[in-house]
Amino acid sequence: MYRPILPALVLALPLAGAIINGVGAFLWREDHRVARWVGPLAVGASFVVVAINFFAMKDSGTTAASVVSLWTWIAAGGLHVGVDLQFDRLSMVMMLIVTGVSTLIHIYSIGYMRGDPGFNRYFAYLNLFVFFMLVLVTAASFPLMFVGWEGVGLCSYLLIGFWYENEAYSNAGKKAFIVNRIGDFGFLVAMFIIYGIFGSLDFSQVLPAATGHLQYGDVWATLITLFLFLACMGKSAQIPLYVWLPDAMAGPTPVSALIHAATMVTAGVYLVARTSVLFALAPVSQAVVATVGAGTALFAATIATQQWDIKKVLAYSTISQLGYMFLAVGVGAFTAGIFHLMTHAFFKALLFLGAGAVIHSVEHAWHEAGRHGGDPNDMRNHGDLRRWMPVTWITMWSATLAISGVFPFAGFFSKDEVIWKSGVLGYPLLWGVALVAAFLTAGYMARLMALTFHGGENRTGEDARGHLHGAPLAMAVPLVVLGVLSLVGGWIQIPESLPLPHVNALEGWLDPVFEPAHHVMAAHGGAAATAAPLGGGELTWGLISTVVALAVVVWIFLAVVRRHYRTAAEAPEPTGLSLVLYRKWYVDELYDRLIVRPLMALWRGCWKIVDDGLIDGTVNRLASGARAVGWVGSQLQSGRLGAYLLLFMVGVLVILGTVAF
Amino acid sequence: MTPTLIRVALLVSAALFAIGVTGALLRRNAIVVFLCVELMLNAVNLSLVAFSRLLGIDGQIIVFFVMAVAAAEAAVGLAIIIAAFRHYGDIDVDRFDMLKW
Amino acid sequence: MTEFLFFLLSAAALLSAVFVVVSRNPVSSVMFLIVTLFSLAGLFVMLEAHFLAAVQVIVYAGAIMVLFLFVVMLLNLGHAELPDFRGAMARLLAGAFGIALAAFTAWTLLTGSDPLTASGGEAADPIQAALKARGAIGALAVPLFRTYLVPFEVTSLLLLVAIVGSMVLARKEAP
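Protein chains in written order, with this note's numbering: chain A, 2 to 662; chain B, 58 to 158; chain C, 860 to 1034.
These are calculated hints, taken from the structure and not from any lab test.
There's no promise every hint is true.
As the list claims (entries may be wrong) - Computed Cβ-Cβ distance ranges for the label pairs, DEER-style:
hint : chain 1 : residue 1 : chain 2 : residue 2 : range
1    : C       : Phe1011   : A       : Val630    : 49 to 55 Å
2    : C       : Ile958    : A       : Tyr645    : 20 to 26 Å
3    : A       : Tyr645    : B       : Asp115    : 46 to 52 Å
4    : B       : Asp115    : C       : Gly1024   : 26 to 32 Å
5    : C       : Val904    : A       : Tyr645    : 35 to 41 Å
6    : A       : Asp613    : C       : Ile958    : 29 to 35 Å
7    : A       : Arg628    : C       : Phe929    : 24 to 30 Å
8    : B       : Asp115    : A       : Ala627    : 51 to 57 Å
9    : C       : Ser1015   : B       : Asp115    : 47 to 53 Å
10   : A       : Val630    : C       : Val904    : 53 to 59 Å
11   : C       : Glu1032   : A       : Arg628    : 37 to 43 Å
12   : B       : Asp151    : C       : Met1026   : 26 to 32 Å
13   : C       : Met1026   : A       : Ala627    : 44 to 50 Å
Said to hold, decoys possible - Over 12 Å on every C-beta distance to chain B, these chain A residues come out as not near it, computed from the model:
hint : residue
14   : Asp219
15   : Val220
16   : Asp385
Here a beta-carbon is modelled for each residue, glycine too, at the ideal position from N, C-alpha and C.
Use the sequences and the hints to build the structure in full.
As structure tokens, this is what we get:
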């Protein structure tokens, strides 16, 4: 029987780190030694505790959830919410990913953020983020998960706008927070409905009772899941609430790696996986989730092909890959979704960290050469960097092949699983979309690699070239670790149809969690097909996709490498379709026109008409009315003797009158 | 003394009082206002005397006191008017608006 | 005869009172008031208040009105150029109030209980006995110095205060 070992410590360690570093940001602002150790150690120690728990859970063979009650938060009438942590197989997987990748990124940050005046503050925020993310994945009830949900949103805002002196950066932070808020509204409404129907907000009471309270296709199930998906759309950057993520690249690159690739944005996928039984009961919502996911995957991929900023390419790539994850959980392949979440955490974090190394190097080179003003992110300012940054180059190729789904890298197994499942579970159109998006992915990643690391000519500048350098040790080690994981990470789930040893580790591990959902789907949906929509088995399509992906990579690579590119400062403006893609299909402008401006007009109206005119006006008019009445009364106080005599007589008459009558 | 005459006396008193009131409200000259006040006092004296004819000597004693007080009041009041005249140059009742803040 | 005299005196009082109010010249007002006071003195006599009639003439008409005349002359108000009646509005109001007051009191008097029967009938003439015993002055003096001693003494204090006050008020300011 598995009992969680020191469960509170898992959360307490990052929190303690956050507090220590937070205090340090005030008390020993210039001294970065404490944060350098406390930051990564807090998260690393948490990872160790999680790993111990993982092995304990594995050895005990428990499949049920173990809930640890820390204290009671809300006890009001019929509503009881406790600060309860749920250690089950799904949350264990998430905890491992979160703490593991976080530790690597914390170590990387020591190198990346060296010398930054906000070093201590950075680690405080980063530790705090890990704390909230852990709250999110270990919560045993919706409200507590919401606390984590909001908390990671807060840390995201703080970290995006980390260099807050720059107005554009802090605006990006605001944008992220505000767009997320729309999603949070969905989460709240879903909670209200859940409480109304189930009378409780604990997972242990809602999820097992779902089939009892709700019919298949029940309108309430649909509503709950649609509102939950609204929350996912915000947090995990799906259409239409994805617009904050590219702007979030304003934050330090390790932040982009941790929050906007590996962990926070995957919270939505986790939410759907956690409430899988509710989604299984609402086929309409499932279809919505899958369609939005596939659509987003394709849409974002198209934009990524024309971006010049290396981080923006990766940002749109993240949105696209998140679309894959939602496609998976939408069609009911929950394990596939979590699998892709895991492999994506590895290769996307690696890609971001590598990009960070490149940016760091170019910036340093320009600084040494005395050059200012120029975008170190722009790939047109890179070129042939493999000569100076070999470790980064190799590890990023590992990630590129993984994301493109080339065998035997991790992405091949997870992405293929997603595409295959969407094909056999009855979504042929989405299957096709996912395939196209996969090839686009291979394309833009090859372009990225070619522009940055190859090409035979370096565009950073004659004077700066000599100062380019490879990643320092603190940054290189995490790159290598993630590079290896990008290769072998997929080997925990190898399907039978491939002529390889069948490994069912992840699915076997997570099956008990998704069993209720699979049960519902099997009862109502029929069995899965055995062949893809266009015919052919898993092996066939696995071969096709890997070969085509590799071919695309080679083709685009060669095309890009042979072209001569000018630096960002001299490059011409894109035209035609390129321009539309470069401008992200003008979605931000569309939002501005359709939503932001009418709202601002409404607010201005409220201000001028309602607040100034009505409310202030009423108060002011009351005051002038009172003054007018006072004026009338003041006329009685003329001070003139004669008038007073008159009034005196009037009073006498009145008194006599009342006495007599 | 027939009841009618007593009644007439009282009516006269009432009429004199009303005339005094009208005069006090009508005139602007402070001295004339004062005269009207004296008129009112006398009206009251008349009514007191008429009632004392019916009810006892006490009414007359009250009249005695009223006259004494009227004398004192006239003296002081006229002194005030003289002082006011010295200050303002005229004794128009409407002119005195210093009772306001 | 008595009645005729009574009515004559009443009429004189009322008429001259009206003239007090209406006269332009303040001196005329004072004179008319003196006539009123004399008429009232006559009425007092007819109402068996002999001593008071005498006091009225001596003190009121003799001293107070003279004082008024002194002040009028001191302030040189004999030549009033501008009419010192108040405006039309005030006239209207004053007239209205005067009439209202008069009507009210008259109504009360005429519809109220008969003063004579209320007091015990015609036979009762409480003053006669006192007058017979002590004479006009004595009838007044005895209650004055017995029952009403305190008010008497206080009145003397009042007169002292009035003297001092009027001297202070009317004094020219020190240079």
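Verification of the hints:
{"no.": "1", "hint": "C/Phe1011 to A/Val630: 49 to 55 Å", "verdict": "holds, 51 Å"}
{"no.": "2", "hint": "C/Ile958 to A/Tyr645: 20 to 26 Å", "verdict": "holds, 21 Å"}
{"no.": "3", "hint": "A/Tyr645 to B/Asp115: 46 to 52 Å", "verdict": "violated, 34 Å"}
{"no.": "4", "hint": "B/Asp115 to C/Gly1024: 26 to 32 Å", "verdict": "holds, 29 Å"}
{"no.": "5", "hint": "C/Val904 to A/Tyr645: 35 to 41 Å", "verdict": "holds, 38 Å"}
{"no.": "6", "hint": "A/Asp613 to C/Ile958: 29 to 35 Å", "verdict": "violated, 56 Å"}
{"no.": "7", "hint": "A/Arg628 to C/Phe929: 24 to 30 Å", "verdict": "violated, 50 Å"}
{"no.": "8", "hint": "B/Asp115 to A/Ala627: 51 to 57 Å", "verdict": "holds, 53 Å"}
{"no.": "9", "hint": "C/Ser1015 to B/Asp115: 47 to 53 Å", "verdict": "violated, 20 Å"}
{"no.": "10", "hint": "A/Val630 to C/Val904: 53 to 59 Å", "verdict": "holds, 57 Å"}
{"no.": "11", "hint": "C/Glu1032 to A/Arg628: 37 to 43 Å", "verdict": "holds, 41 Å"}
{"no.": "12", "hint": "B/Asp151 to C/Met1026: 26 to 32 Å", "verdict": "holds, 29 Å"}
{"no.": "13", "hint": "C/Met1026 to A/Ala627: 44 to 50 Å", "verdict": "holds, 49 Å"}
{"no.": "14", "hint": "Asp219", "verdict": "holds, 77 Å"}
{"no.": "15", "hint": "Val220", "verdict": "holds, 74 Å"}
{"no.": "16", "hint": "Asp385", "verdict": "holds, 91 Å"}
Figure legend: structure checked against the earlier numbered hints; hints not met, in rising order: 3, 6, 7 and 9.
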